[in-house]
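Could you put the whole structure together from the sequences, leaning on the hints where they help?
Protein chains: 2
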Amino acid sequence: MKSRLPGALLNLLDQATRQSGLATTLKTSIIQLILDGVIAHHERLPSTRSLANDLKISRDTVEAAYQQLDAAGFLIRRTGSGTFAVSPEKPEAWTRGFNAKPATVGLSRSILPPLSVRGTDIEVAGGVVDQTDIHPFVAAMPDIDSFPLRVWQRLGARIIRSADRSLLMYGDAQGYLPLRDEIWRYLSTYRGVRCDTSQIIVLTSSQQALTLVANLLLNPGDLIGVENPGYHGAKLAFLAAGAFLKPLRIDNEGMVVSEIENGDVPVQAVYVTPSHQYPTGATMSPARRSALLEWSATTGGWIVEDDYDSEYHYEGQPIASLQGVDGSDRVIYLGTFNKVLFPSLRLAYLVVPKPLVKPVVAARTLLDGQSALMSQVILSEFMKGGHFSAHIRHMRMLYKSRRDLFVVNLANHLGEYVTFNPPTGGMSIACFLREPFTEELTVSAATEAKIELPTLRRLYLGGRGPEGWLLGFAALRPEIAERAMALLARTMEDSHKS
Amino acid sequence: MKSRLPGALLNLLDQATRQSGLATTLKTSIIQLILDGVIAHHERLPSTRSLANDLKISRDTVEAAYQQLDAAGFLIRRTGSGTFAVSPEKPEAWTRGFNAKPATVGLSRSILPPLSVRGTDIEVAGGVVDQTDIHPFVAAMPDIDSFPLRVWQRLGARIIRSADRSLLMYGDAQGYLPLRDEIWRYLSTYRGVRCDTSQIIVLTSSQQALTLVANLLLNPGDLIGVENPGYHGAKLAFLAAGAFLKPLRIDNEGMVVSEIENGDVPVQAVYVTPSHQYPTGATMSPARRSALLEWSATTGGWIVEDDYDSEYHYEGQPIASLQGVDGSDRVIYLGTFNKVLFPSLRLAYLVVPKPLVKPVVAARTLLDGQSALMSQVILSEFMKGGHFSAHIRHMRMLYKSRRDLFVVNLANHLGEYVTFNPPTGGMSIACFLREPFTEELTVSAATEAKIELPTLRRLYLGGRGPEGWLLGFAALRPEIAERAMALLARTMEDSHKS
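Protein chains in written order, with the working numbering: chain A, 1 to 498; chain B, 1001 to 1498.
It is worth saying that the hints were derived from the structure and are not from the lab.
Remember, it's a predicted structure, so these values are computed and weren't measured experimentally.
Each hint should be verified, as a subset may be incorrect.
What the hints assert, rightly or not - Listed next, the in silico BS3-like pairs over lysine-lysine satisfying Cα-Cα at most 27 Å (straight line):
no.	chain 1	residue 1	chain 2	residue 2
1	A	K358	B	K1450
2	A	K497	A	K450
3	B	K1354	A	K450
4	B	K1056	B	K1246
5	A	K384	A	K400
6	B	K1354	B	K1384
7	A	K56	B	K1056
8	B	K1400	B	K1384
9	A	K384	A	K354
Structure, rendered in structure tokens:
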């Protein structure tokens, strides 16, 4: 009997290549030509139409490859003037990632064997850079001074002193069960998450959650919708998995859901921060939430709900999670303790539909096995003792009062430079620069005043968005924040005069 | 001016597709046909020659795809009788991974959107399963009872009680500097590693090290040489990164280096456990070490040196690491504290050539940010106080005496079933079953006696290798090990009779 395989394969191969394989190969090839110097720094590339014609492939494929190259920083696309190559040896062009230093490709290709394509992408993008101390105006940083360190020390010392040897062994790779119970209690009480303990997976960080989700759900070349502007760490995780990003506009109701389907290529998943959109702070409206769940139920697309600082909502009742409203088991929910308690803790969690539990845990064992057991035990005792919810209540009041003072001082000292809406939650505030002020000028003034000014535009895909700042207010004592604002205003005035 | 791009791209695209893209697409397509039921369980597939003919592609491409499918468990290739499909819905076919439960694809494709191809691969393979307690004959497990828990508790309680708030913040993403200093001191003194502190990166586990290395150095479709038999966690990490595995034979001098270049497709990297090969225990001979370094220097291929239990060498002087002898900056060295101290600790390290430090740290921040700071501080104090080297000295003597008793008892009780060579180091011993005994029969007898018998054949690529066991001896008190052996022998005798 002749095998049916070749015919079936020919169909599939053709389809698969058309859909994604070719775009990935095209992207890889262009990167290689840039690295090899065949395409020069700032050389103008053909339009998608003309390249598609020359290569006899579809324009969609070229568009997908250009988009990915753009997001990875290998291209700059300027409306009206064209598309230009960016060589990683020319560091001035790199603006990706928060607080990113200009990246250089340290790996000399002539001396050492080259990195893989994704390795080069990652090196060029520079990873996720976290701040190691608190100073004005580091964004999304908790107030370490208010953490109940004494309680943690007492619990921690007691647990470590009385640790029996079973605590030294491998634990449950899905997470310490008493901790999963506490997380379940918290999420179902405060976030309206509907799940049972068996759906909760303890991880080290939301970054790990995003990496897992990206690798399990997305094939290279798949399209994921991301908020634009949006969280850089998520975008880097999706890009590292070989996915393409589809930017979705943000307005004051959050993500513009109708944009998900406005292209030819189907979107496989959407990444969303509905509680307080990062970085704009917008809370997703009920209508948009329904529309997103509707999209997901209809198309089978996944929703990745990053509820990273939902604990801090200052106006009225917080809105329950999308996960709790979803009736189709399509929402993957993630949260972290590293921002709410302290960054060096390294504990976070995923809540997934039941059929995903096994593959997520398996994939997690491939990444790094499991989370450290001792800190899981300490945290579960901390939560069981009521310290977690007490801490959140305390911090919510503290951060709310800091936000209130911050926006007043911001308007006073820097109102002639920026416009902003007071955020209804979260730990940072997005400010938009008034004409004619630019990120470049204001950052240079801030640097002179030894103040860090996290910028906004790089949180837009390809750096194409309005100029502005994302200022952290939660970790700063009000008098320190105000002093920094006054100093910044003075420096900017001086530099404007000169 | 007409762009030179299209011509250059056409060349590259053609080449890239021929080399790897097509094999990956072919693999993906066959998996889809198996999952969709178009190819039935145990259906015979066309030979590589005939499929290559039918699809009008090169036989090398089909061979690469079949090899990857085989390693991932979607095919069984039997010399002489052909190649057969394996459906993941038929769990009896899965033997991959240590102690792997029969895997089932829990994700119903009709109800939920499908996992990505790599997600499906990972779910089917089942991840790396670590044992949560010690019992005969769990392999590669340390003796928790001998860990100086009191010292650790005292140090830990002191550090956590006196922790200042800077310990709560993000630390250096590369690792806590005093810990890197201690690791440097240990590696240069005891393992002959030549590096400085700036080349050491603190991670959570060797699994994380392997995942990082796989993603940074290997493109999908690249070939990495792996020891056969070899460590399953490494193979899973390379497969998850889309690499193809080239099996390299092991003899009593370790990896047979001459096999690296016996194919058409160039090998990009080699994964090796030279101190005590996993699982055979063979120490790589000086001649083979030279040959491997020579291969690397000549071809530019990377060497991934996993020195996971080099601490435990029982006969004569331990041989220094490959890293220390390498003159070409091609060796990536990894080690872990989780096996030497205790599994729930979650600390390990990579030593990389200087140009790789930045990309590895960047990639690590994308995976999970950084390692927990508190345990890094405790470990660095533990090492600084001399407790680490004292512990290793103590365990080396203890494990050596356990090995000596274990092999005597093994010969007495189970000598009629297996042959073995006493390992010169490490924590496990590989045993080969004598005719006519099989893994299936002996495991079923062991299960009856409530004894775990980790099997050997699944550590061979595609499960094609001799049948046997890999028995852990380090964590077991000799009287417990002997009792289990006697019980096992009795049960096997009974089941043999009946």
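Results for each hint:
1. A/K358 <-> B/K1450: holds (26 Å)
2. A/K497 <-> A/K450: Holds, because 19 Å separates the two Cα atoms, which is no more than 27 Å.
3. B/K1354 <-> A/K450: Violated: B/K1354 and A/K450 sit about 31 Å apart, past 27 Å.
4. B/K1056 <-> B/K1246: Satisfied, since the Cα-Cα distance of roughly 25 Å is no more than 27 Å.
5. A/K384 <-> A/K400: Between A/K384 and A/K400 the Cα gap is close to 26 Å, so the pair holds against 27 Å.
6. B/K1354 <-> B/K1384: With a Cα-Cα distance of about 25 Å, the restraint between B/K1354 and B/K1384 holds, given a limit of 27 Å.
7. A/K56 <-> B/K1056: OK: A/K56 and B/K1056 at ~20 Å, within 27 Å.
8. B/K1400 <-> B/K1384: holds (26 Å)
9. A/K384 <-> A/K354: Holds, at about 25 Å.
Hint compliance for this structure: hint 3 alone is broken.
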